[in-house]
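Given next are the chains, with one letter for each unit.
Protein chains: 4
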Amino acid sequence: DQPLTLIAGPCQLETLDHARMIAETLVRICEGTGTQFVFKASYDKANRTSLKGRRGVGMEAGLRMLETIRAEFGCPVLTDVHDIPQAEAAAKVVDVIQIPAFLCRQTDLLLAAGKTGCVVNVKKGQFLAPWDMPNVADKVASTGNDKILLTERGVSFGYNTLIADMRSLPIMAKTGYPVIMDATHSVQQPGGQGGSSGGQREFAPVMARTAVSLGIAGVFIETHQDPDNAPSDGPNMVRLDDMPGLIASLMQFDVLAKADPFRL
Amino acid sequence: DQPLTLIAGPCQLETLDHARMIAETLVRICEGTGTQFVFKASYDKANRTSLKGRRGVGMEAGLRMLETIRAEFGCPVLTDVHDIPQAEAAAKVVDVIQIPAFLCRQTDLLLAAGKTGCVVNVKKGQFLAPWDMPNVADKVASTGNDKILLTERGVSFGYNTLIADMRSLPIMAKTGYPVIMDATHSVQQPGGQGGSSGGQREFAPVMARTAVSLGIAGVFIETHQDPDNAPSDGPNMVRLDDMPGLIASLMQFDVLAKADPFRL
Amino acid sequence: DQPLTLIAGPCQLETLDHARMIAETLVRICEGTGTQFVFKASYDKANRTSLKGRRGVGMEAGLRMLETIRAEFGCPVLTDVHDIPQAEAAAKVVDVIQIPAFLCRQTDLLLAAGKTGCVVNVKKGQFLAPWDMPNVADKVASTGNDKILLTERGVSFGYNTLIADMRSLPIMAKTGYPVIMDATHSVQQPGGQGGSSGGQREFAPVMARTAVSLGIAGVFIETHQDPDNAPSDGPNMVRLDDMPGLIASLMQFDVLAKADPFRL
Amino acid sequence: DQPLTLIAGPCQLETLDHARMIAETLVRICEGTGTQFVFKASYDKANRTSLKGRRGVGMEAGLRMLETIRAEFGCPVLTDVHDIPQAEAAAKVVDVIQIPAFLCRQTDLLLAAGKTGCVVNVKKGQFLAPWDMPNVADKVASTGNDKILLTERGVSFGYNTLIADMRSLPIMAKTGYPVIMDATHSVQQPGGQGGSSGGQREFAPVMARTAVSLGIAGVFIETHQDPDNAPSDGPNMVRLDDMPGLIASLMQFDVLAKADPFRL
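If you're matching them up, the sequences are chains A, B, C and D in order. If you want the working numbering, it's the position in the first sequence, counting the first as 1, plus 107. If you want the working numbering, it's the position in the second sequence, counting the first as 1, plus 107. If you want the working numbering, it's the position in the third sequence, counting the first as 1, plus 107. If you want the working numbering, it's the position in the fourth sequence, counting the first as 1, plus 107.
No lab work stands behind these hints, which were simulated from the structure alone.
It does not matter which identical chain is used: a pair holds within one copy or between any two.
Within a straight-line C-alpha distance of at most 30 angstroms, the following computed DSSO-like cross-link-like pairs (lysine-lysine) qualify:
hint : residue 1 : residue 2
1    : K254      : K365
2    : K281      : K254
3    : K222      : K159
4    : K222      : K152
When you get a sec, could you build the whole thing from the sequences and use the hints?
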């Protein structure tokens with residue numbers, strides 16, 4: 108039972124200097140609190156609500172930025188991939204390949220991610236029960252790669268709303284794979300603003316704290332110095348200024364939870 | 108910010124000796140952990156899934172038992188009422204009158220409960236959003252009685268399934284009224300066994316711990332020495348033998364949460 | 108397989124003249140189309156979202172109005188009851204006693220309604236699966252009264268939203284009891300306007316037509332000459348002016364459906 | 108307002124002779140009833156619940172079979188694609204390219220499908236509201252291709268269950284694009300059998316008839332001569348033997364509905 112891992116960063120890569128600023132802040136917070144840190148950012152938002160949403164810097168530029176962040180800060184980096192060639196390209200740079208929730212049942216993508224030998228973080232689809240995830244993990248594991256993370260990010264609850272089921276975390280943990288709580292996407296309101304998704308940033312700490320209290324492996328939080336002007340997921344990203352307090356608080360719950368973990 | 112309150116007891120009153128045994132066990136646990144204790148039991152299960160379900164000892168006999176428990180153990184007692192005359196009768200005996208979730212919108216019952224001057228614990232309907240509860244509390248408060256508790260017990264999620272939304276707790280807390288998490292009914296599977304409700308007892312600690320980590324006022328847990336043979340709600344009641352460990356664990360999270368409460 | 112029954116009227120009784128006006132219009136429409144007609148109105152809205160909602164004329168005045176409508180127009184009348192004494196009082200006047208959805212699991216109310224010998228229309232709770240309704244009907248039938256109607260009025264779907272499951276109609280029909288589609292409450296948005304419920308009147312014909320196409324026994328529609336100024340359920344009531352066209356259209360689908368009913 | 112279109116065929120291509128048998132049967136039924144027919148079959152099930160599920164004959168073999176069916180029976184053919192190269196390859200053979208529900212937000216796939224100039228049928232994701240589909244259609248239309256179909260196939264309702272919202276059909280029809288009801292996938296129970304999806308074949312006619320009664324453009328039905336032994340989606344496919352009666356019945360409702368269409 109390792110201390111909590113924080114997977115965090117901006118929703119999408121903007122500039123190298125922006126990524127550096129976010130990474131530096133998060134590295135410093137995590138050093139202070141003994142939190143394991145993985146830098147997360149996307150180079151392409153491949154499934155925006157509408158065509159008007161900004162997609163990002165693209166794979167080539169994005170992977171170069173992630174490579175730089177990794178080298179300069181010495182932290183593992185994670186990015187999400189959307190097709191097989193991307194999985195292969197990203198694997199040359201990143202430590203963790205992430206499978207987006209909408210794509211978590213696409214067999215060939217899971218196999219390709221597994222074959223890279225990277226850690227594979229699969230987000231549970233908004234349409235999936237937690238007990239459906241062992242089948243998903245088995246697809247990755249069939250490649251001989253069992254470095255798998257399973258992430259809860261909320262399940263559809265009526266229209267334009269997600270709800271996070273805390274039962275999901277111990278259910279997925281029964282697989283033996285580390286379980287991550289995505290505290291920012293589980294408070295997303297998909298399509299909730301017509302041309303883009305809404306969100307309830309104020310509840311991200313609720314998702315993080317309640318999940319951490321169960322003794323999970325890690326928490327996933329998107330953060331930005333100015334979420335209201337971020338190119339994507341602004342409504343649900345946590346302000347960078349709020350991260351030190353949030354992480355410090357989570358670490359206290361993590362210590363208590365790891366001493367008394369909930370297991371099914 | 109008081110220490111955690113535990114509202115607990117058997118789902119339904121069976122015999123006075125049975126109530127005594129449960130109460131004694133819980134009183135002893137709570138004395139050891141500094142937990143405030145309220146004894147809970149029902150004298151009538153008025154909305155069983157099917158006619159074949161056992162309803163209970165009835166109001167007269169039940170109120171007498173509760174009176175005895177209150178006198179012998181010196182603990183406050185809670186019971187649920189289903190119509191106006193019951194509210195008036197129960198108020199002579201109990202400290203807390205509970206409004207069942209299905210009845211949480213019945214204006215006259217809320218008014219009658221308020222008028223008794225007792226503490227009124229309203230369970231949020233399985234069909235209600237947390238932001239609908241201020242309207243419910245206002246009905247009680249209109250009687251001049253603001254001793255109100257608001258309880259989360261899960262919301263409908265597809266058929267025969269409930270899900271607990273952790274956002275609900277801080278949303279209801281914004282009313283200023285103490286918020287309670289019902290850890291056993293939120294893992295009920297209504298009608299899930301055809302002629303009776305099913306449940307997932309193993310997840311009650313998940314509901315309790317995650318809720319307590321937010322710094323709520325209290326937790327509601329039904330318990331029985333032999334749940335599998337209990338007359339009602341067996342599948343979701345916690346074994347009495349498991350209560351000492353559960354309460355001790357919750358109190359640790361309560362101390363941490365009360366020092367760093369989540370507030371909207 | 109009788110022609111379609113229309114259960115219709117204003118959500119709540121306002122004045123006798125208002126009830127007369129609505130009843131007269133509906134009687135005339137139904138005579139023209141060969142539709143069986145039952146006049147529906149409530150004397151008390153016992154579970155308004157907020158205390159500020161208008162409750163109605165009260166039981167005494169309401170039952171007198173219903174008695175007059177019944178006598179003057181020669182049509183059966185239906186009203187909803189909220190406790191045992193109301194069931195007994197209403198039974199002296201009305202043909203059909205209705206059990207509100209929130210109360211559909213209250214055993215004593217179901218038994219009291221059954222014992223009156225009236226037809227009993229039970230609305231399926233927003234928290235219930237269709238396969239849970241046989242248990243509900245059994246409670247009524249245990250009194251020896253099998254004049255039971257089962258009504259679909261939508262099921263909780265996220266917060267403040269209902270969804271109507273068309274599978275529910277044939278599932279409930281397997282009981283052998285006539286099945287009714289409540290086309291106006293299934294497009295209600297409970298609590299959707301903060302202090303009162305919203306609704307999507309424009310979809311009531313969708314609910315009615317799709318349900319009628321399956322060959323159900325009847326359709327339930329609340330209607331008002333000026334819904335936007337009605338004291339309750341305005342957002343989901345159908346304009347009285349739209350009723351002739353709607354009923355004529357439904358009758359065409361009813362003829363086709365009754366010639367080729369869907370049965371499980 | 109054209110007569111109803113039937114998009115039908117086996118869930119996955121098995122052999123050319125099997126496809127011929129199904130196509131021949133459906134062509135004959137549709138000729139007899141004046142129904143427009145589109146043959147549907149998949150060459151690859153790319154998102155099976157588990158690795159053990161049979162994936163299909165593969166793109167090359169599958170497209171050759173579809174080409175043959177198209178030539179021999181003179182009917183348009185539809186298949187689903189899972190990445191950009193598949194969209195381009197399929198476009199050389201099929202009339203309609205289908206975007207699977209899980210992939211309905213993948214911008215690049217929608218753009219690639221649009222650019223082929225084929226008709227593009229987009230299935231609404233199980234996680235999407237009907238009012239989110241105009242954004243999806245806009246992605247396709249941005250390529251200059253407005254030959255778009257929008258298909259309802261159910262929305263997530265709790266775990267392992269879908270529910271079909273009849274309001275969705277007129278909401279999507281407001282885009283001006285033809286709307287299709289997928290009567291077999293909307294009764295799927297995703298992951299409902301552990302290692303594969305379950306389904307409720309008996310309700311497919313309910314979905315089809317209720318949707319057709321609203322005057323939609325078409326209905327999508329997967330069918331098989333022996334669903335219980337089909338390689339995928341057996342539990343929700345309609346028996347081929349039941350198709351003549353079902354189509355004849357739907358055409359009667361279609362005639363009535365097209366004479367009196369429901370429009371928002």
